[in-house]
Structure formats: structure tokens, C-alpha cells
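Read off the chains here:
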Amino acid sequence: MATRWWRVVRAAAVAGAVALVVAGCSGGTDPGGRGSVTLLTHSSFAASPDVLAEFTARTGYEVRLVQPGDAGLALNEAILRKDAPVADVFFGIDNTFLTRAFDAGIFEPYAPPGLDLDPGVPADPQQRVTPIDRGDVCIDYDKEYFDQPGRPPAPTSFASLVDPRYEGLTVVENPATSSPGLAFLLATIAAQGDPGWKDYWRQLRANGVRVVDDWTAAYQTDFTAGGGPGDRPIVVSYGSSPPADVVYSDPPRAEPRVGVVESTCFRQYEYAGVLRGAKNQAGAKALVDFLASARFQSDMPLQMFVDPVVAGAEVPAEYRRWAVAPERPLTMTPEQIGANREEWVKEWSDIVVR
Amino acid sequence: MLRVSGARVVFGTTCAVDGVDLEVGERETVAVIGPSGCGKSTLLRAVAGLQPLDAGTVSWDGGDLSGVPPHRRGFGMVFQEYALFPHRDVAGNVAFGLRMQGVGPAERDRRVDDALELVGLGGFRERRVATLSGGEQQRVALARALVARPRLLMLDEPLGALDRVWRARLVDELPLLLAGAGTPALYVTHDHEEAFAVADRVAVMRDGRIVQSGPPAALWDRPADAWTAGFLGFGPAVDAEVRGPVLHTPWGPLAAPAGAPAGAVRLVVRPDGVAVGPGGAVEGTVTRVRFAGARAELTVVPAAGPALRAAVVAAAAPPAGAVVGCGLGPDALLCYPRPAD
Amino acid sequence: MSERAGRSGLVAAVPVAFLVVFFVWPSGHVLVRAFGAGALREVLTDPTFRRVLWFTSWQAVLSTALTFGAGLPAAYVVARYDFTGRRLFRAFVTVPFVMPTVVVAVAFLALLRPGGAFAFLGWDRGLAPMIVAQVFFNVAVVVRIVGGFWANLDVRREDAARMLGASRARVFREVTLPLLAPALVAAASIVFLFTFTSFGVVLLLSDPAHATLEVEIYRQAFAYFDLPVAAALSLVQIVVVATVLWALSRAQERSALPQRLVAADVTARRPRGRERLFVAGVIGVTTVFLALPLVALALRSVRPGGEWSASAYRALATRPATTTSVVSPGLAIRNSVLFALVATVIALVVGGCAAFAVAARSRRVGRPLDVLVMLPLGASSVTVGLGFLLTFGSPPLDLSGAWILIPIAHALIAIPFVVRAVAPALRSIDPRLRDAAAVLGASPRAVWREVDLPIVTRAFAVAAGFCAAVSLGEFGATLFLTRPEWSTVPVAIQRLLGRPGEANVSQSLALATVLMGLTVVIVLAMERVRVRHLGEL
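Residue numbers (the numbering used here), protein chains in the order written: chain A, 44 to 397; chain B, 537 to 877; chain C, 9 to 545.
Rather than coming from a laboratory, the hints here were simulated on the basis of the structure. There may be inaccurate statements among the hints.
[What the hints assert, rightly or not] Below, a sample of chain B positions facing chain C; criterion: calculated Cβ distance under 7 Å:
# : residue
1 : Pro606
2 : Phe615
3 : Ala619
4 : Phe632
Keep in mind the model is a prediction, meaning the values are calculated, not measured. Don't be surprised by glycine CBs; every beta carbon is placed ideally from N, CA and C.
Take the sequences, apply the hints, and build the full model.
Given below as C-alpha cells:
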């Protein structure tokens, strides 16, 4: 009964089937095949396509990216699938969550041969992970806002934030849900000591600090210099936000509008490791080597807005000019973080959110 | 031909159809009449196969239709409120059965046009169903059922929603259509006049049972019992007693009709059986004159007994308040045995 | 009738199989973890979690009520009046539904903060904008589902009531509402589920004191790394949702009356006299409410630094060559459209079978299936996404390379729409139409094809529009499953917003504007599916 109706339905079904086939064919090479190595990482990972092409040219392996979301999500995926890993290399574990990954035992010990790290970069004695980059989580501020007459001067330290002149000007991220938020909390603990940090946060709360859930909400929607409808000129962000501000300015700017309060910076190191049980062990090792190589390290600053950790890496001029990286930032050992993190976050919630 | 034997349909604790026997022969139109709720629509649905029987059989030309689903019985049905497909136009509705039979588009169109002409809806092919009047919808439903050349046509109160003019027209045209197509028909209605006009045989249904069946004239001449007579519009009905040749009624003694049972009876007056004129046995006052075109219907209240109705030529109608004599001859009376209680 | 019920059992097997394989089993993988380390006990006894559950429930009820308040007038106007631009309005109403929450949050905050049109309200992040945003997203559900059904109701009953002396308000209360009940319940169940499992809106527009269950699940899973507690919360969420669905399903079944469905183009008429003002008013207010944030968004994309410029659009086209972090918008659009098409087909087929089985009134099959089909809407996307990861990533069912998982995940969310849009229409078909078709020689399958299917074409068209919209805007599960080459537009937008710089913000807004246009085009195309001889019904 070839009524018009059925012809329409049939046509749609055929079109659907064709689309399926076509799309399936163009979907790319088979996953985890002999010619590729899979990198599981967070959504902030970025590289120049020609840098990755160079890796392929050198080693013969094509890089397949799996980026399920932020660092927490990616780590969870790695841990959940540790018996049948979906990737070969994991990149994006930082010092705040290292112990968690080690406890789960997801990494295969490996160190690139001849690795020459900058002094002070903490390496894993058991070589489970390799340091790849470093960055600083700091208090950033909108220079234009504070330049205007009648406004207080730009903030210079932790103390500024609790100064009544800066009431209602700060937005921070929730340490429970945001990596920079957690880093800032750790910064206050490192600076004010335990339990001194609790008083500090009480004062912050009294001074009208706003807490949002993640960096995007804080920087893109609440920060006045972020490009969105911001209303707060002080935010927790990165030491590398100034160069990003210049590079991605629209209309283009020659100088960054974003300033950094150096004394509040907390050092973060980011690591990569070969996943235990990876299908392509050789490729994984080659990729880790490449991530630690000068070529990739020099590409990182303008792609991911982080600093290299390997000696001999060149930092692009634009980045070097504006990025802020204090000589002596605030730090904390991964073990200390691992042991106390949950309790600190819960106490923070009680003080600030309830 | 259709034969229904001992059909029984039970809903919960109610027996909607209780042991019905019925036959419809070739080229015959049988009407089933009865008050609402007597089970006639259920019977029709059972014949169509839309309602399974709890007992009994429906057979066609000797073949039992028990396992045969509705779409394979080859019957046609015109539904109460027509059940026209709202998403198809008139031509689409009428052609439906032909499509199901696999008739080709050219022949389909031809037969649809013929059917529409037949029911007087020649130019209505493209019309949307929702824009049609009741009479037009009914005729589309009829065309739809007839065009498929069913071996039996069932009609469920088809004229119920029509105005007087249409009803009168269709009551005239239907028998012609059916005879022309040679299709036997089973016609269900609560209107006995309609049934008498259309059918060759009429069956009266009450509470799931057939209480009387036969040609319309026979039915009219001798309704089976007082209830049937009442249903056919006979009345008034009163209690009376037959002693010998005399019938003792509330209006006084009257001549008993031939063959009346002796003793306590239920007396029913035939419609049009009351003769108004001089010499009438029962005297009464005219309380109401209802004008109905060429005739007038009088309501006469006698000295004793319930009011009587009589029809006269309108021109000769006495005015309200006049005293007239009503004749209740033996031909005007029906006597039924009254159960002692 | 019993024959129909028997067949419905077979037809029901299709959606049941689909849901068991792609929902129950993967979710089970995650939910079993709730039964370890006393997580379930902890969740049920901790007052914090109970407070979160309470908040989640009442804000969902409030949002649902307000959404109906906002959407019913528009549903009525769209159903009963024929005016120029009606189809466009119907398609436009679906746009907010599709928008990624992050750009909507940007738009809302732009309007609420100093300098914005609504700065006078003095609102910032908190309960009020969160609820308004939920209404904004979900108005489409009410307008399309209730409006679609309303258009087919027979006006004459209302006329009869008017003649009997009932005022307009009484007619509405006593005649229209009961007749409309199935569609109202259908729309309410969807809106309630969406607001109950609300995640993005809460994250971006609410404050930390007002968090929903879904947010808590996310936090427990990915911030505290406490998967057993997250699974336990998820289990509680599903149980609550299933209970509500069961009750709503009963209400819907009871309220369904077979009624004469009338062609929509017959019930709709051009407004006359004062009605024109009324129609214009309702359409105007609704359009303004929905368009304000969207227009704010689109404007920002062409005025990045406060000056008119198409730089954001140009950059979108050229940037992917320089970095892996941003996927080419052309690729993202192609992926989005492809996934939307495939997801729609899957959802219409599986959902159509489910609607048929649910509407066939067989109690044994109908109600449990009804609840099962709606569950994915009420399940945490964390559960579903993680479940997919765990179940389909390794042998024996290694589908990690199969992009088909993404439209399947979308279809899980879209199928409830199909059932909710189509089942009320199916239930309302006068059974005598089916009888008439059977007597005219239509086999049971032919009856379905010739009577049920065409009459529910409109409902299917509405459903198809929603399936496409759901797929275009879906973000949660897609995030878990996607590779860069499979990125969809919402994922691409999220990526852009992940790095600092005004250019990134304006490019994400530009991409969101493109998504808006895409939605209108696709939904309009779905609307236009018409079959010859079959009028719009």
C-alpha cells in the first residue's frame, strides 16, 4: 500500500540509514588501533595541531584525545575504568589530587629518560607520574576598575580582601567543586595557618565575598574584566590570566587589563602518567616523553596558559611579558593536602556557605 | 443469509443479549426495535464481530463466523454518529473500504463517484468531514458502507441525529438503495415508525430478548403483549375484566373483542382506534386540540377512566371544552391476560 | 479490546528491551555502589541530604506551577487562533529549551546586573533567577504539548456550556480543564522531572545555599570522590521520581476520555475585534519574555567590546586551525544535526511503540512501562553517563568507538516526550473509528496505520520537534561520551568558555546564536511534515 505517507516514512528511514553509514565511515580510525595512542585529559588541554603532527611524524602514533570534562571528571573516569582503561596516558592530575590517584593505583611507573627538570619542581620518587607544567592560582583583579577615581587602590595582599574598603568586590570559587577554588583555600591555609584560616574566611564572608561553583561562572560571568556581565573586580584565577587577556582580547589590546596579587599565589604542578594496563604501552611512553620534550613544553604557554617545567623550554615572549609567577609562591605537600582536604572543605562549607 | 442462534452477551452481572435468535434472508431488511438499553446495539456489534459472544453463534450461509475477525466478515456498518474519519476528506472516507480490498485507484475513483451520486452528494469529493451537516455526514457514512458491496449491511440508529425533512427523505430512499444493491440489511432503531417504513420484518427486543418478530403489519395488528403494545405507542392501557361478552372497563361496560381471554385482562386501546362522533359509548370533554397539519389530535377526558386520544380531520375538529362521544369498538381494543397478584 | 491488549504486550517489548539495555543495565552498574560502605544509611539519615531533597522537591513544584502559568495562555492562543506567524511562534518557543544553560546564565545576568534592563529588580544569583530561568527553559513543553492537544478538542462542548449559562471562566474550569487533563498531566510530569533534576541552571544561577539533588550528586562523585554516596543519592532520586511518575500515570489514565478529536484547522479561527488585542497581548508578552535573554545574547555576540563587529563569527571560522581546544563550528554543527536526526528517528520508533502500548489501556503492561519510559528524565545524568562509561567501554560490549551511543543517550531523554505527546492523542481516539475501519476490512495492523497513526501525526510532529530540540541542546551525557571529532555545539560552547579572554566569550555567544537559528530551522522543518490527503489534525 504505497501511500504517500509510507513513502515519506521509508524515505526517512533510508536517509537515516545512509546518514548512519556515512557518518560511521567518516568517524575516524578505529579506536586504540595499532596506529594511535589515546590521551585521557581534561577539557583545558590544548596543543597546536602541528605540534601533535610532529609527534605523529616522529613516532608514527596518532594522538587521540578523550576529554570528558574537567579534571575531576577525567580522574574519575580513569579510576573507574582502571581495570580496562579507555586510554594509554593520563594528563591533568595536579598536586591537590595526586594522593587520590596513587591510592587508586592507576599509573604504571615510568620516567622519560634524561628528564631535566627545573630546580624546585617536585618529582615523584616512585616515578608513577611525570611533572609536565606548573601554574599559579592567585587573586586577580580588574586594573581598569581600580584605576578610576574614587576607587580604592588595587589589592596587594590577602589582607586587602577583608579590608572594608573592598567590601562586596570579591568572587571566589567553591573549593568542593572547583580546582582553583580548592587551590585558593589551600593558599589561605598555607598563609594564615591552621586554624587561623577559619577566622580569615569568617572575615571574608562578613566582607561580602561571593561564592560560585566553578571558574567559568566566576571569571566569565562575574569578573568585570572577563568579557561577560561581570560585577566583581576581584576574582580567584591564574597567574597566567593576564597574557590570556591580551591574546584573546576583542577588540585587541596591547596590555592586559587583568592584574595579579603575587602574594596570594599558590603553586600548582600538573602531571602525566602511563596508565596501568594501557593497550599501547610503547606509544604511551613515547607520548609522555613528548609531553616533557622542549617542543611541547614551548607550545604549552600560549595553548594552555601554563609554565613549562623542563629546562631548555622556551617561553613565548608575549606570555613571558605578562604572566605572573612569583619566586616564592605558597605551597603545600601533596601528602598534607591528601590527608586534610576533605575535612578542610567541609569546615569551609560550614563557615562560608551555611 | 445471516443466522443468529442463542446469542448471549454478558457485561459484568448484566445480560445485555440473552438468548437471541434472528435470521436475515437474501434481499431482506430486518429491523430490530426496542427502547434504549435493551441490547440492540450490542447485538449488532456481536453480529459485526466487534463484540465477542458469551454463548450462541452467528453464521452466514451455514458457516460459523466464531473465529472470524470483523475485517474479514464482509459486512458493512453505518454507525450511530457515523464515525467518519476526521483526517480524510469525503472521497477518502468513502474509498476506505475499497482500499482495504485492494481495488485499484481508477476503479476506486469511479465507484466512489457513483456512490456519492447515489446518495446525492455528487460534488462533495474534496470536502472536509467536519464541515458537513448531519444529513450529509450520514449519507457519506451510507455511501462508505455501500460502496464496498458488503454481503450484509448493518445500520445502528442511522437516522437518529437527522432533522425531520432528512429523516423523511431517507426513510423513503433507503429501501430503494438497499433493494437496488440487493443487499440484505439489519436495521436497529428505537423508532418503530422508521422500522415499519424500511423493514420487511421487524423484531421487538426487550431486556436482551426478542419478544416478537414478524412483518410490520402483523406486528401492528397483534402486538405480543401489553408492553409491546405500549412500546409501539398504543394506549392508554387500563385494567379491565371480561365476563362473558362484556368487557368491564373504567369507562364503563363495552363489547368485548372476539377471542379475548376471560377474567382479568390488561386492556390497551389502539392508536387511531377511537372514533369521535355521535353515538359514541363514552362521553367526555375535549380538553386539548393539537393541530398537526391535515389532522387534529383531541384529548378527551371522560367522566370516568383515563383520558382518551382521538384523531379527526382538522377541519371537523370540535373546539376545546366541547362534549363529544368516543366510540371504542371491539376493533379498537386489545386484551391481554393479566397475571393474578 | 483484549486482542489489542495482547498485541500491546508484543509492541511493548521494543521499548522495554531498549531501556533495559541502554538505561537499566548501565545505571545498575553505578547504583549497585550505593549498597556499600553504609552509603545508603548515611544518605537517608544525614539532615543535610534531607534538606537538599526537600529543597529540590519544592522548587520543582513551584517552577512547574509557574511554568504552567506562563505557558497556558500561549498554549490557548496557539491552539485556538489562526494568526500570521503562528508556526514561527511555535518553533521559536522551542529555542530556549535548546540553549546551553551557561549562555543563558550569561544572558540572564547581563539583564539583571547594573546596566541591564532588569537591574531595578536588584536580583543576583539566587533562588529567584534560578526559578525564572527554569520557567524560561520549560515554557516550550507546556505550549507545545498542551497547545497541540488543545487544538484538537471539539469546541462545541464549550459552546454548549456557554449556552447553558456558564461564564467563560466557568466553562474553562468545568468543561475545558477536564477535557484537557491528559495533556496537562503529561506536560506537568515532564516539566517536574526537568526541574527536579535541574543541574546547569542551579550551578550557574543559584547560590551555594540553594543546591538541588543533582548538584549534590555531582559534587559527591567528582569533588569528594565519594561514589557510593553519589550512587545512594541517585538511588533516592530515582525512587522519588518513580513514585511521582506512578501517581501521575494513574492520574493521566483516569482523566483520559475518548472524545471526538477535531481537525485543528477547523477549531482555529482568526481573531476578531477584541480578541485581536488578547491574542497580540499574549503572544507579545510571551515572545518578549523568551526573546529578551536570547536577544541580549545575540547582541553581545556582535558587540564584543561595545562596538559592532563580526569578529567573533570570523574567529569561529578560522580559529580551529591554530589549536586543538576549539573544534571547528562547521564540524560541531554537522555533528549536532546528525545526532539530532538519528536520535529523533530512534526516539520516534521506540517511543511510538511505547505510546501505543501505554495507551492501549492494558493495566499490566501500560503503567509500569509508562514509568520506566519516563525514568531516564528523572535519573541523574551523572549516573547515566558514568553507567555508559562502565558498561560500554569494555568487552563484551566494547562500543567505546561507536558514536551511536551519543544519539542513544539523547534518545533516552527524548523518548518520554514522544510518549507524553502521542499517548494522550492515542487515548482520545474514538474507538468507534477503529470499529468502522475494522468492519470496512482493515486488519488490526491496517487499523493502526489508517486510523491511529494519521490522527496522531500532529502529536508525532510535535514530538519530533522536541526530540530534535532535546538532542541539539543535550550536554550532560554527551560530555561523558564525546571525542573531539564528535563534539556537538553545546560542548563546543562550553569549551570556549573554559579559557579567559573576551574573544572566547563573544565566540561562545556567537556559536550560541548560530544554535538558535539552527533550532528554529530544524523545528520548522519538522512542522512541515505533512501528508497529502491528511489534513493537519
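Quick check on the hint: Pro606(B) CB to chain C CB, less than 7 Å? holds, 4 Å
The hint names Phe632(B) as touching chain C; please verify it with the least Cβ-Cβ distance against 7 Å. Given a least distance of 5 Å, the restraint on Phe632(B) holds.
Given a cut of 7 Å on the nearest C-beta pair, is the interface hint for Phe615(B) held or broken against chain C? At 6 Å from the nearest chain C Cβ, Phe615(B) passes the 7 Å test, so the hint holds.
With 7 Å as the cut and Cβ atoms as the points, is Ala619(B) at the interface with chain C? holds, 4 Å
In the structure shown, no violation is registered for any of the earlier numbered hints.
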